Amino acid sequence: MTAMKHNPPRFGRLATMAVAGVATIALLAGCSGGGGTDSADGVTTVDFWGWVPGLEDLVTQYNDSHDDIEVTFHRMTGDDGQKVEAAVDAGAGPDLVQLSTHNLPDYVISGRVQDITEYVSDEESKYTPASWASVSLDGKVYGLPQGIGPSGTMYRTDILAQYGIEVPTTWDEYVEAARALHAANPDVYIANMSPSEIGQWAQEIQQAESSWYGIDGDSWSVGLNDEGSQLVAERWQTLLDEGLVTTEQMWTPEYWALVNAGKIATITYAAWFPSQLAENAADTAGKWAVTDMPTNAGSENSGDSGGAAVVVLKGAKDVEAAAEVAAWMNGADEVQDALITVGGLFPSTETGLASDALLSKQPFFGDQVINEVFIDSAANTPATWVDGPNYGTAQTAITDEFAKVINGDQTFLEALDKAQDATVADLKSRGLNVK
Amino acid sequence: MSAPSISRSARRRSSGTGGSWTPYLFVAPFVVLFAVFLVAPIIIAIVNSLFSEKSSGLGFGGSEVLFVGLDNFVRALSDSDFIAGFGRVLLFGVVQVPVMLVIAVILALLFDSGLVKGTRFFQFAVFLPYAVPGVIAALLWGFLYQPSVSPIIQGLSSIGVDVNLLSPGTVLWSIANIATWSTVGINMIILFSALQALPREMYEAAKLDGAGQIRIALSIKLPMIAPALLLTTISSIIGTLQLFNEPQVLKTVTSNIASDFTPNMAIFAASTLGKDTHLSSAMAIILGLVTLLISLVVLRTTNRSSKKKVSDGE
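Read top to bottom, the protein sequences are chains Y and P. Residues 52 to 486 in the working numbering are what the first sequence spells out, letter by letter. Residues 43 to 356 in the working numbering are what the second sequence spells out, letter by letter.
The hints are simulated quantities; they were obtained by calculation from the structure and are not laboratory data. Since we're looking at a predicted model, the values are computed, not measured. Where is the CB? At the ideal position from N, CA and C, for every residue including glycine. Errors might be hidden in some of the hints.
[To be verified] Computed, partial: chain Y to chain P, Cβ under 8 Å: (1) VAL159; (2) ILE266; (3) TRP287; (4) GLN288; (5) ARG481; (6) VAL485.
[Stated by the list, open to error] With a Cα cut of at most 25 Å, we get these calculated DSS-like pairs of lysine-lysine: (7) LYS134(Y) to LYS293(P); (8) LYS486(Y) to LYS159(P); (9) LYS96(P) to LYS469(Y); (10) LYS134(Y) to LYS96(P); (11) LYS486(Y) to LYS469(Y); (12) LYS134(Y) to LYS368(Y); (13) LYS469(Y) to LYS293(P); (14) LYS365(Y) to LYS293(P); (15) LYS455(Y) to LYS293(P); (16) LYS293(P) to LYS314(Y).
[Stated by the list, open to error] Residues from chain P that face chain Y, not an exhaustive set, calculated with beta carbons under 7 Å: (17) PHE93; (18) GLN188; (19) SER192; (20) GLN255; (21) ARG257; (22) VAL295; (23) SER301; (24) GLY316.
Kindly produce the complete structure, drawing on both the sequences and the hints.
The following block contains the structure:
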């Protein structure tokens with residue numbers, strides 16, 4: 052102030068500085084901001100973050116038909132999933148969020164999700180038992196299932212026919228087919244083994260009736276290198292050692308180039324993968340078909356790479372309203388077709404599984420009704436998989452170690468042992484009981 | 043070079059007017075931002091690193107944050123992959139920093155010598171990559187490193203040279219290439235402006251004594267811009283230790299970059315994938331201390347050697 056009086060020309064600079072200061076404060080203030088709020092007119096606002104295509108339309112549909120609750124929606128992209136925890140801790144998280152069921156135990160242990168058992172327990176009959184189990188921990192329900200990932204095998208009908216190879220129905224036949232195919236044409240491989248694609252690994256672990264985690268009384272058990280995992284490891288070690296698979300990282304341009312060039316004859320993955328394949332390998336339309344995932348000896352089991360759930364986060368102002376919205380978004384009869392056709396989800400509800408929308412012909416797969424395969428797969432998936440704490444650490448440990456396997460520095464079995472040790476050590480460092 | 047004279051005259055002017063508030067108002071925006079975005083996070087990280095979140099049993103009973111002393115530091119230092127990350131960036135720095143600085147010095151000397159026509163255009167061209175955000179640069183190069191989409195690799199392959207720029211042995215140097223491409227420009231500009239500030243008369247004197255351009259560059263220009271060289275060296279070393287953008291982006295196209303490839307990536311993985319902010323705080327402090335230590339060692343050795351030179355000269 053004194054400077055201003057004595058030295059008028061400085062006013063300009065001072066003003067600039069003051070503006071800069073105010074802007075800074077505004078910037079800081081802009082960093083905060085809350086989740087759902089109860090507005091004065093009795094309408095409860097529920098803030099929802101999700102990634103499934105078409106959720107915007109469902110939110111509009113909900114708001115049009117409900118007067119007491121107003122849902123606001125934020126589409127999650129990029130690494131939004133990693134921001135949720137920080138947002139919750141900062142009190143700026145949404146009321147409802149969509150997350151992978153693999154991550155649910157972490158959210159429960161850290162207290163970032165709310166127990167909604169009392170509001171949603173009568174919804175249980177709408178969902179498949181396996182998907183309901185995936186949102187239930189320690190006898191409480193923490194969310195509503197939103198889609199599952201039963202596995203099937205997509206294969207190039209033209210390539211297998213060209214080299215006279217039968218579609219393999221067991222993993223033993225699969226390895227034989229891999230050898231025959233590669234012998235017939237050294238440029239063609241039965242599959243790609245991506246060291247980073249944990250879902251493809253997990254589906255075969257589940258098929259072998261194993262699980263990374265288990266609950267034994269008051270302790271977690273960790274089984275990254277258990278019997279089932281060893282079985283899967285030996286299979287892929289054989290395919291890798293004999294040079295029968297490519298080893299590109301999935302989802303890269305390099306990977307799609309291999310697929311488009313017809314160098315990969317089969318891809319075994321979840322029910323949501325076919326639409327990805329159709330989008331990224333459009334030129335191969337009509338050359339693919341889907342069949343059951345190859346089975347292990349003496350078993351009819353299929354696998355599943357995991358699903359998603361919608362959960363009510365800590366900090367939600369009105370838990371009951373949020374739970375009600377989540378129940379509608381996933382379980383209401385009127386949303387099932389949209390979730391299947393627009394959302395591309397494989398349903399976790401009984402009505403969804405019975406929906407005609409699921410049974411549409413797919414032109415990319417030569418007009419095959421591919422979901423018949425995935426419906427069977429869902430019915431044949433053993434309910435042995437248990438999600439546990441710190442899935443992220445286990446997943447990172449596996450993918451980092453698998454990269455070394457692909458480079459020939461170690462075997463899958465050695466990689467699994469290392470990942471097992473890292474995961475157990477991590478759980479112990481958190482004070483959890485581990486057997 | 044001219045900085046001290048400016049600040050001296052400014053000080054004289056302000057003491058003359060006697061407005062005791064003014065200087066504080068002027069530094070306030072900096073001090074506030076410095077305190078909020080630098081000092082506070084450091085203090086929070088230090089406090090965080092001394093605690094750990096502990097559950098019991100299955101963990102469903104909730105968790106509590108306990109004081110664990112230096113436990114997190116012991117865990118971080120006993121993680122061989124975290125330590126290996128330091129080794130990797132040091133190897134990277136030992137090669138990349140000198141290579142990049144030599145290129146920057148040569149370019150700066152060329153532009154300063156007046157031998158190059160169209161200096162402004164070429165300076166702009168060299169500087170432009172620095173204006174490309176690091177993540178975008180890594181994305182661009184990522185495409186050039188993938189055989190199926192890379193004109194470079196396809197071109198080499200058509201003349202019978204097969205290269206894999208993303209293999210375990212080459213990927214570190216592919217990252218170094220991106221870092222060099224991105225940072226040569228800014229370092230060239232710093233060195234070039236230092237060169238431009240040098241008095242031209244000296245070159246004439248040297249020419250009269252029979253020195254050629256190369257002799258002038260090596261014996262006059264380089265010793266005179268030593269402070270600028272030191273600045274660029276230290277900031278490059280710090281940048282190396284904090285290597286993150288390039289490998290993190292390339293990780294999406296190759297599995298030969300592990301989640302803990304560099305110390306900064308290991309910190310990121312511990313906090314976001316491992317969800318342990320306490321451990322990652324300890325790791326971040328270790329990285330900060332190592333950076334400080336290396337910077338001090340570089341400063342010390344260069345100060346000592348330059349002092350020695352001065353005293354030798356006298």
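Each hint, compared with the structure:
A distance limit of 8 Å between C-beta atoms decides the matter here; for VAL159(Y) the minimum to chain P is near 6 Å, and the interface restraint holds. For ILE266(Y), the shortest C-beta to C-beta distance to chain P is roughly 6 Å, which falls under 8 Å, so the interface hint holds. Annotation: interface hint on TRP287(Y) violated; nearest CB of chain P at approximately 14 Å, more than 8 Å. About 17 Å separates the beta-carbon of GLN288(Y) from the nearest beta-carbon of chain P, more than 8 Å, and the hint is not met.
Checking ARG481(Y) against chain P: minimum C-beta separation of about 6 Å stays under 8 Å; hint holds. A hinted interface residue such as VAL485(Y) counts as satisfied when its beta carbon comes closer than 8 Å to some beta carbon of chain P; here the least separation is about 10 Å, so the hint is violated. Annotation: proposed proximity of LYS134(Y) to LYS293(P) holds, straight-line Cα distance about 20 Å (limit 25 Å). Of the supplied pair hints, the one linking LYS486(Y) and LYS159(P) is violated, its CA atoms being roughly 73 Å apart against a limit of 25 Å.
About 24 Å separates the Cα atoms of LYS96(P) and LYS469(Y), which keeps this hinted pair within 25 Å; it holds. Distance restraint check for LYS134(Y) and LYS96(P): the Cα-Cα separation of roughly 22 Å lies within the 25 Å cut-off, and the hinted pair is therefore satisfied. Taken as a hint, the LYS486(Y) and LYS469(Y) pair is honoured in the structure, with Cα atoms around 17 Å apart against an allowance of 25 Å. Taking the CA atoms of LYS134(Y) and LYS368(Y), the gap is about 20 Å. The hint holds against a cut of 25 Å.
Taken as a hint, the LYS469(Y) and LYS293(P) pair is honoured in the structure, with Cα atoms around 21 Å apart against an allowance of 25 Å. Between LYS365(Y) and LYS293(P) the CA atoms are separated by roughly 33 Å; this puts the pair beyond 25 Å, and the hint is violated. In summary, the hint linking LYS455(Y) to LYS293(P) is supported, as the alpha carbons are separated by about 14 Å, within the 25 Å threshold. For the suggested pair LYS293(P) and LYS314(Y), the alpha carbons sit about 24 Å apart, so the restraint of at most 25 Å is met.
With 7 Å as the threshold, the beta carbon of PHE93(P) stays out of range of chain Y, its nearest partner Cβ sitting at about 13 Å, so the hint is violated. The interface hint given for GLN188(P) is met, as the beta carbon of that residue sits about 5 Å from the closest beta carbon of chain Y, less than 7 Å. For SER192(P), the interface hint is violated, the least distance from its beta-carbon to any beta-carbon of chain Y being 9 Å, above 7 Å. Because the closest C-beta pair between GLN255(P) and chain Y is about 45 Å apart, greater than 7 Å, the hint is violated.
Look at ARG257(P): its Cβ only gets to about 48 Å from chain Y, farther than 7 Å, so that hint breaks. Proximity of VAL295(P) to chain Y holds as hinted, the smallest CB-CB distance being about 5 Å (cut-off 7 Å). This hint holds: SER301(P) has a C-beta 5 Å from the nearest C-beta of chain Y, less than the 7 Å allowed. Restraint check, GLY316(P) versus chain Y: the minimum CB separation of about 5 Å is within 7 Å; hint holds.
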